[in-house]
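Chains as they are written, first to last, in this note's numbering: chain A, 90 to 231; chain B, 11 to 663.
The reader is advised that the hints may include incorrect statements.
[Unchecked claim] Okay, the calculated bits of chain B under chain A, using three or more residues with CB under 8 Å as the criterion: (1) 70 to 84; (2) 100 to 111; (3) 128 to 141; (4) 450 to 459; (5) 619 to 633; (6) 655 to 661.
Because the hints were derived from the structure by calculation, they are not lab data. No experiment lies behind these values; they were computed from the predicted model shown. Note that CB positions come from ideal geometry on N, CA and C, so glycine has one too.
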Amino acid sequence: MNNFEPKIVGFCCNWCSYRGADLAGTARMKCSPNVRIIRVMCSGRVEPTFILKAFELGADGVLVLGCHPGDCHYVEGNYKTARRIPLLKKMLTQMGIEEDRLRLDWVSASEGDRFVAIVDEMTEKIRALGPFKKNSKEAKHG
Amino acid sequence: MEKPKIGVYVCHCGSNIAGTVDVKQVVEFAKTLDSVVVAREYKFMCSDPGQNMIKEDIKNLGLNRVVVASCSPLLHEPTFRHAVQEAGLNPYLFEMANIREHCSWTTEDHDKATEKAKALVSAAVTRVRYHQPLETKYVPVNPATLIVGGGIAGIQAALEIADAGHKVYLVEKDPSIGGHMIQFDKTFPTLDCSACILTPKMTSAGSHPNIELMTYSEVEDVSGFIGNFKVKVRKKARFVDEERCNGCGVCMEKCPWKAPSEFDLGLGERKAIYTPFPQAVPNIPVIDKEHCVYFLRGRCRACEKFCERGAIDFEQQDKIVEIEVGNIIITTGYDPFDPTPIVKYGYGRYPNVYTALEFERLCNAAGPTGGKIVLRDGSEPKSVAIIHCVGSRDENYHRYCSRVCCMYALKYSHLIKEKTSADVYQMYIDMRCFGKGYEEFYERLSKEGVKFIRGKVAEVTDRTLTNEEKGKLIVCGEDTLLGQVIRVPVDMVILCIALEPRSNAKQVAQLFRISQGADGFFIERHPKLDPVATMTDGIFIAGCCQGPKDIPDTVAQASAAATRVLSLISKGKVELEATIAVIDEEKCSGCRICNLLCPYNAIEFIEDKEVSRINEALCKGCGTCVAACPSAAISHKHFTTEEIMAEIEGVLV
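Excised from the complex, chain B in its bound form:
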């Protein structure tokens, strides 16, 4: 190794550092350290003159290592690495001492701050001696993208990327794309018809030359890394040949067997061969094995007889399709909270207690009642109570606010008022109408004669006390504004249920190696500045899988995720981590302890040599295997044991 010649540069950062740390003393101290050729101070090291000072010294004094003592390396390490590189040094021959965030800003005592700054400079100088030049490697980015989840988020992202001219695989577990949004009747606060605004997008996605729809399909396995993922998708057997079917619908007409419709949440029926709803994309039915009499008893095949195109295929099997993509966007959405466990609200016990999603279907002209808001007996309700925060803002279920309930509750009030003459009661905790046009919508509804009662509902019961209450559901609670216990007799109760993470969110997180928060939603890379990226490069999230949100926010996120993917595609290559782990095969005893520790399965065991080897492209450089290797055969580039030991020695001066 060449003899280290180190330059040390101590930044004043205006008065941010120099106001607390005696910079002159630190510089004098640095000059006494081994291998330090020059030590200087400057007002702003990150400025052009500051960087030039380093570059000049590298050229004139032949420095081969540089230390800058200034702010956090998370802020300016890239800046200075670039500067030393411009002067001809390898960027990894640089080290930073954080004497601002970790020292001058957190310390009041000037002497102690100066002492600490010296220790941090000493650590950096001692460490940088051992730095090795590292090489940055690039890999090409496959321009195809996988989008998982065909709701509005997935559709939006798919269209953005496909319109830019790149291939998209849109995988959806259900027979049609559309997600929850296509189940909704109107959308707040504009009262646009949900289907009217969504079906054109669904059709575009279905017919786009760059989008390959994979409905009734699920992702089974993901391997690889940013730019180069390999994905296995299971295409579940539809028992209908997608190539032959022209969507005429005769099979559904002729099928004599019915089942509860999932799309209508059991409020209506569908056939055993069905599309979830008439505008399904693709317009290709599936046969539900559980309800098809041919599958159950071996006789019928009515659909097959009437299909002119011979598209029915009872022998069809699940198919595993392997695809290769450069990036993945996860848009798996949410599950509606099941309110059955909240026994006091009577869901499942009293037939006229509905969930919000059920009410959407009741309202919808294509729904089971043709859009009539009616009770189970077909009569029109004279009064309706809408209970907010069912499963949200409740420490027994979900602490978080589901963000959309106040607004859809207001929308329901409007729809009920429009279609019936019923009295509407909003039982709310707080009205949260924060979006564009939302407060105005709330004001409008306040004037439409809706009764707002503030307080958490204690119970919904059919135990009546007076003649007036007879045959009604009694909503009991406290009006906290009046300070009174109240009993409101109504015909119908709508529960504003929480949005919760998908029941299989954990498996999805593990499959794609992304993280979940305490609430179960997927975590973004940074809550403010990186909201759609995940900690796994090349995997992005958008929509309700990241947290409850409304349609405008979901669409914005989906477009953002698409943009992130497009920028990677247009860049064409990605940098691999240079600070990865490597195994010295001479030292490796083949114990395989590291194999099991690696969360990325980056370490493979070479059977014939009986040693382990790290796949450079898969290693993320955490160093967990390095710390565990009993033979010290693994070294972590830029965080070698030598380097860290030197830093420990330096920091303890």
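Looking at chain A on its own, in the form it has when it is part of the complex:
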């Protein structure tokens, strides 16, 4: 175990995943405090540039959480996200950024436990990868 505390930006949609995160709190589930949530109305609102900006400003990881497929409040916004994120991951890899630093997943409003599991997993994964800046430099020089 290293002591590195990663900073992770989490984009949550207003209808499912933000409520799932709220539920984790209401149910007093404990999870790592490393994910800081930004609320958007739909995961479909998450522009790839938001994610790049987060990395630029010092995020070690970015988590995008939406409604489960078929459950999107806006019918199909999450399907658009599901197409955008893999493309962005490909681009991140080309830029020398580990694709694991970006994760897309689905959490419903009733899945507080799932939210906690994803946050904890993500935190451990990023902790293992180490800080973003250092890594990217290595990637550049390596």
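Keeping the supplied structure of chain A fixed, place chain B upon it in accordance with the hints.
Relative to chain A, chain B alone:
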């Protein structure tokens, strides 16, 4: 833009926040942030003194932006928006930092919780600088309502709304309203006669001055939004003039051609011109083109000859009727599960294996056997097995419990015992008798000599092993209470089939822009606190289209949906989303990528200007188009790129 003057208020929430987060440190930190004029803490910010603190500061210090760090915005954002509005600020010049649900409640380590709270406050402060005042718009609500599906749910909702004095269009695909309930014989646990309690409601719905019945009709297209829907309904050709027909029934009497009756599930016959059952509402027959000899061979027209009112019209065409309504209630019900695929139960192979719905018709005095419970050869059964959970609680078909089968199975036991001297076997997995009076009904039946065997039936077969079994159907399985393999020879088998979503539920969901769950039933807005609304404003659901349920629950939901509609009608106007997307036509390149992305068809392409434009009333504000616009020409009000970028910057302090 005026220079931002921000007030930050950090809530203790008793010890909910202050027990984990060092509130003082957060306040001191907030004071160091750019544009923050004042930062305070208070025990309960949502209380009156807490809100007054904000209002006073707005007045005395001239604040033009406010941040409250407390619970989830889903809980108290409306509270604080209202408070800042009362002090004269636009409610959108407010931002909330969720330091309770997302921080103090989920974090054990106090230092880390405090660090996180600071980051969340910083994000809110950085973001709120860019907030713009937004204007709330209202549109009037059309007081007419469309109800889709004329079963008990639709009838109940229609009567509630019509009795309150408002117009209802009740659309039903079949020639009569009544739904599945009118096919039933008795209803559990009271054993009320289904038709006796339903026909008065059907008649009221049929003759109500505020209800326009549109039977033998289907909804083809829905556009618009809450308060202002436009709906196209196809009225299928009945070949009978509804205005002229007086329902005398002579045409049905004189028609020489017969067809299997859908209402009796093929167990009985009807004429080629028919009403599904004698108490049909409206009492106007339809001609079934598939079986009418005039349509098939060009000769007959017996009905026309005998109709004194000249109501038969072989030239009638389908008609598209356009209606405008403010709200829609969907009560499309369920389909009974077809047990044919479960080959081991022999449905379709052994004539004396019936589905539950077929048995309802057998029992019914108006049914094909005049209410006699008999086998296909007309003899009375000496033994009957009722198999539970056919297609329900079965991972090969439906995982869910259909909720009504245990109870109607008990009802059948009673009816069989009442009408015959047969032995009755209940082959069940678990008895689920949860409703009011249900457990008592189960107890009563236990005393009526019904044999309960616990275990899932493996097979129904006619392969006999002993003389005693000869000519019988053998129900094989395991009695899990005795731990024994059993063979029960019976004359009749009734399959308690699952209730499943309508085969066209997906098309209905797409037509009305509502969602289906994994099981195919329509999803309510909140499973506990908003059970009849859908995620689409102005569209409500009730009855079995939302999930399997019994008649009392269906009626309760239908009344609830009607109440929701009535409250919108009496309010008279609805608020439009203020946080919608807008296109800057100067920047728009006319690429039309956004046009295809919008799930609400809210974006139209203006041909002569070659730009796209968003219809404010249709946009729901998801922002999907904003994220996709290659020219960054679309902006999402209250979730602008600037605002979110600022939040990202703030959260990463």
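Going down the list of hints, with the structure as the test:
1. 70 to 84: Result for this restraint: holds, n = 3.
2. 100 to 111: With 3 residues close enough to chain A, the hint holds.
3. 128 to 141: Check passed, 3 qualifying residues.
4. 450 to 459: Coverage by chain A is violated for the segment 450 to 459 of chain B (0 residues, Cβ < 8 Å).
5. 619 to 633: holds (count 4)
6. 655 to 661: Answer holds; 5 residues pass the 8 Å Cβ test.
Consistency note: the structure conflicts with earlier hint 4 alone.
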